[in-house]
Amino acid sequence: MRVSLFITCLSDCFFPRVGQAVVHLLRRHGCEVDFPLEQVCCGQPAYNSGYHEEARTAAKQLIRAFKNAQYVVSPSGSCAAMIRHYYPTLFAADDEWRDKAQQFADKVYEFSQFMVNILKVSSVDACYEGRATYHHSCHMMRGLGVSGEPLRLLQSIKGLEVVDLPYHQDCCGFGGTFAVKMKEISEQMVDEKVEHILATQANILVGSDMACLMNIQGRLRRLGYPVQVFHVAELLYEGVQRYESLQSSAI
Amino acid sequence: MSLSNPLPFKQRVEQGLNDPFLRQSLKNAQARFREGKQRAAQILGNLEEWRTRAEAIRHHTIEHLDYYLDQFATNVENNGGTVFFAETEQEAVDYLIRLAKAKQAKTVIKSKSMVSEETHVNKRLEEIGVEAIESDLGEYIIQLAKEMPSHIIAPAIHKNRRQIAQLFAEVAGKELPEDTSALTRFARHQLRDKFLNADIGISGCNFAVAETGSIVLVSNEGNARLTTTLPKTHVVMMGMERIVPTWEDLDAVLSLLPRSATGQKITSYVTALTGPRRENDQDGPEEMHVIIVDNGRSNALGTEYQSILHCIRCGACLNVCPVYRHIGGHAYGGVYTGPVGAVLTPILEGFDEWEELPYASSLCGACTETCPVKIPLHDMLIDLRRDEVDEKRSPGVERFIFRLFGTAMNNPALYRLGLKMAKHLLKPFADDEGFLNKGPGPLKAWTEERDFPAPAKESFREWWQRAGRYGGDPDGR
Ligand code: SF4
Numbered sequence: 001m002r003v004s005l006f007i008t009c010l011s012d013c014f015f016p017r018v019g020q021a022v023v024h025l026l027r028r029h030g031c032e033v034d035f036p037l038e039q040v041c042c043g044q045p046a047y048n049s050g051y052h053e054e055a056r057t058a059a060k061q062l063i064r065a066f067k068n069a070q071y072v073v074s075p076s077g078s079c080a081a082m083i084r085h086y087y088p089t090l091f092a093a094d095d096e097w098r099d100k101a102q103q104f105a106d107k108v109y110e111f112s113q114f115m116v117n118i119l120k121v122s123s124v125d126a127c128y129e130g131r132a133t134y135h136h137s138c139h140m141m142r143g144l145g146v147s148g149e150p151l152r153l154l155q156s157i158k159g160l161e162v163v164d165l166p167y168h169q170d171c172c173g174f175g176g177t178f179a180v181k182m183k184e185i186s187e188q189m190v191d192e193k194v195e196h197i198l199a200t201q202a203n204i205l206v207g208s209d210m211a212c213l214m215n216i217q218g219r220l221r222r223l224g225y226p227v228q229v230f231h232v233a234e235l236l237y238e239g240v241q242r243y244e245s246l247q248s249s250a251i
Numbered sequence: 252m253s254l255s256n257p258l259p260f261k262q263r264v265e266q267g268l269n270d271p272f273l274r275q276s277l278k279n280a281q282a283r284f285r286e287g288k289q290r291a292a293q294i295l296g297n298l299e300e301w302r303t304r305a306e307a308i309r310h311h312t313i314e315h316l317d318y319y320l321d322q323f324a325t326n327v328e329n330n331g332g333t334v335f336f337a338e339t340e341q342e343a344v345d346y347l348i349r350l351a352k353a354k355q356a357k358t359v360i361k362s363k364s365m366v367s368e369e370t371h372v373n374k375r376l377e378e379i380g381v382e383a384i385e386s387d388l389g390e391y392i393i394q395l396a397k398e399m400p401s402h403i404i405a406p407a408i409h410k411n412r413r414q415i416a417q418l419f420a421e422v423a424g425k426e427l428p429e430d431t432s433a434l435t436r437f438a439r440h441q442l443r444d445k446f447l448n449a450d451i452g453i454s455g456c457n458f459a460v461a462e463t464g465s466i467v468l469v470s471n472e473g474n475a476r477l478t479t480t481l482p483k484t485h486v487v488m489m490g491m492e493r494i495v496p497t498w499e500d501l502d503a504v505l506s507l508l509p510r511s512a513t514g515q516k517i518t519s520y521v522t523a524l525t526g527p528r529r530e531n532d533q534d535g536p537e538e539m540h541v542i543i544v545d546n547g548r549s550n551a552l553g554t555e556y557q558s559i560l561h562c563i564r565c566g567a568c569l570n571v572c573p574v575y576r577h578i579g580g581h582a583y584g585g586v587y588t589g590p591v592g593a594v595l596t597p598i599l600e601g602f603d604e605w606e607e608l609p610y611a612s613s614l615c616g617a618c619t620e621t622c623p624v625k626i627p628l629h630d631m632l633i634d635l636r637r638d639e640v641d642e643k644r645s646p647g648v649e650r651f652i653f654r655l656f657g658t659a660m661n662n663p664a665l666y667r668l669g670l671k672m673a674k675h676l677l678k679p680f681a682d683d684e685g686f687l688n689k690g691p692g693p694l695k696a697w698t699e700e701r702d703f704p705a706p707a708k709e710s711f712r713e714w715w716q717r718a719g720r721y722g723g724d725p726d727g728r
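Protein chains in written order, with my numbering: chain A, 1 to 251; chain B, 252 to 728.
The reader is advised that the hints may include incorrect statements.
[Stated by the list, open to error] What follows is a set of in silico ranges between Cβ atoms, one per label pair, in the way DEER data are often shown:
| hint | chain 1 | residue 1 | chain 2 | residue 2 | range |
| --- | --- | --- | --- | --- | --- |
| 1 | B | 549 | A | 38 | 41 to 51 Å |
| 2 | A | 203 | B | 371 | 50 to 60 Å |
| 3 | B | 673 | A | 203 | 29 to 39 Å |
| 4 | A | 226 | B | 371 | 49 to 59 Å |
| 5 | B | 549 | A | 145 | 33 to 43 Å |
| 6 | A | 203 | B | 290 | 31 to 41 Å |
| 7 | B | 258 | A | 38 | 41 to 51 Å |
| 8 | B | 708 | A | 106 | 31 to 41 Å |
[Unchecked claim] When the alpha-carbon atoms are kept at most 20 Å apart in a straight line, the in silico DMTMM-like pairs for lysine to aspartate or glutamate are as follows:
| hint | chain 1 | residue 1 | chain 2 | residue 2 |
| --- | --- | --- | --- | --- |
| 9 | B | 695 | A | 184 |
| 10 | A | 181 | B | 700 |
| 11 | A | 181 | B | 630 |
| 12 | B | 695 | A | 95 |
| 13 | B | 278 | A | 184 |
| 14 | A | 181 | B | 265 |
| 15 | B | 695 | A | 238 |
| 16 | B | 278 | A | 195 |
If you're looking for bench data, these hints aren't it; they were derived computationally from the structure. The beta carbon of each residue, even a glycine, is placed where N, CA and C say it ideally should be.
Bound-form chain A, shown alone:
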């Protein structure tokens, strides 16, 4: 199966290890992976801020970059939701681009959604000792309707205890420009999220959207709490490597 990666601007620039983990995991499960170099940001920051013309420009470039793709996989629930839900509406009045946007939207999957629902992988050979809790990002959970898939993958990691995050349906307060525009409110929201995370006594926080994780991690660090933060793909791949080195040392 041929898979094209949409790595998102955030992962590309700040969290390349997430993209790398996705590449390796997909390859392990038989995918041929490519990365179209002409890709840009999905346009979500512009779209959510009301700059729809600029969002359309980004969308067109992304559609062009992936025009030959069979499947498009992204390690971000919110970018995948942006493409699936808002690309078709962005071009609702544009005869030329409407269909292209829809066709593209139909090919886009969030990483864990693709692993579980398309590749039918819900268990990986991985081990990682620790107590983890999972943050459901709003756009992935509500916009894309994906919530059980990443948890299934996580639960397959041996040695990892996965505990429920109380009030998991609450937003972490990121919200793109909201985090700076309405900084005071955003801070209260992330503080509440941190409180809930600490209540689980987990030492690992996992999520499927680096934007939210960046927000929570930034606050955890500032407050000095030693909770490790992982993208789900990153933790899975870390676990796979540990499992393999255990296997080889056992021989």
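On the provided structure of chain A, position chain B with the ligand as indicated by the hints.
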């Protein structure tokens, strides 16, 4: 213009955030309401089907609003009532004032009505020397405190028992115990006389049934019954979108209202009124006047915002909104608070006083997910932002940044260059662990309370070109 809270938005937010009591009580209330709603949804079993049906009913009604308003008005008149269509706040209140003068009214008793709040009825009545008394416990409390409602269904949600006891003590002229039943008893006692002596009763209207010209009121206190039956004249103030075509339709929306609001199956009192007192009736008003208020609602008709008129004012969106939880209802400044207020107020009144409201959301979508009539609230907030951008209301710096963004998106080489530059620009600010705790420019706001990651030494793109496409490094990266 009917700005109700004179402070600017930022200060209203600050007030809310700096009120620990308010935040605690909103937190408790949200927890209670959410739990209730969840339980109610479980009992109902097929909530999604109910939502779909209710949405269809609301959609059909609003699409044919002219027709049903006409049918409703004709039936009210056939029942002996009077109907007045008010296009503006001014027209609505003027009608009421004329009526009050004609009846030589001294006191008016009211049962919760958001429209009368919207049109500032109490103040206008006061100006002509008519005393208006709120009979709903919550409304009575905030009337004494000279405040506005801060929640759609629980208007005094922001007040605690001690504050209420103090307010009541001023009326009583003596100390009162801080005990719920004692306080309720006191209020009831106070209101009893007012009910008996009021010249006019003013109520809202949760739903108006077009096929019979009836109005339906939902309450937990029974005060709506007294308001609408004791005084000789009953005035209904309703938004023009409150219509349902038939009793069967009413059943669907009425089943969802209390379940979505508080988790109740049904409220303690559901009152349906069809016209004033008839010949052999024991009680009831001699006259019934229905004021149907537009006041900006038709701005939404025929636009992409039309479905905001589907709203049944259940408050469910407030009960799940994390922003509302932290800042409280007064921060929204208008009569309607929370997510629905953030959408509705600028539509009713324009952006001039309400520019910030569409941004008072992280777009988490909890409101949309919970709305029993499926109003896409958070999508509307995005569209309102777009309208503001189109009207050039957004800050100049922001416009500049997004123009740059657009240019870079059109030109992948430029985009790549931008990412590279960001890396070099931010490098000097990073600590040993690769985080910034004092960011330059637009990052400053972020790094006041949170660390920010520095760009990676090697971006994904660079890695891919170096090693990724060939299978990655031997160490797995
Ligand atoms: S917008 Fe929806 S959830 Fe909010 S008050 Fe109206 S009907 Fe209820």
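task = Check each numbered hint from earlier against the structure, then list the numbers of those it violates in ascending order.
result = 12 and 15
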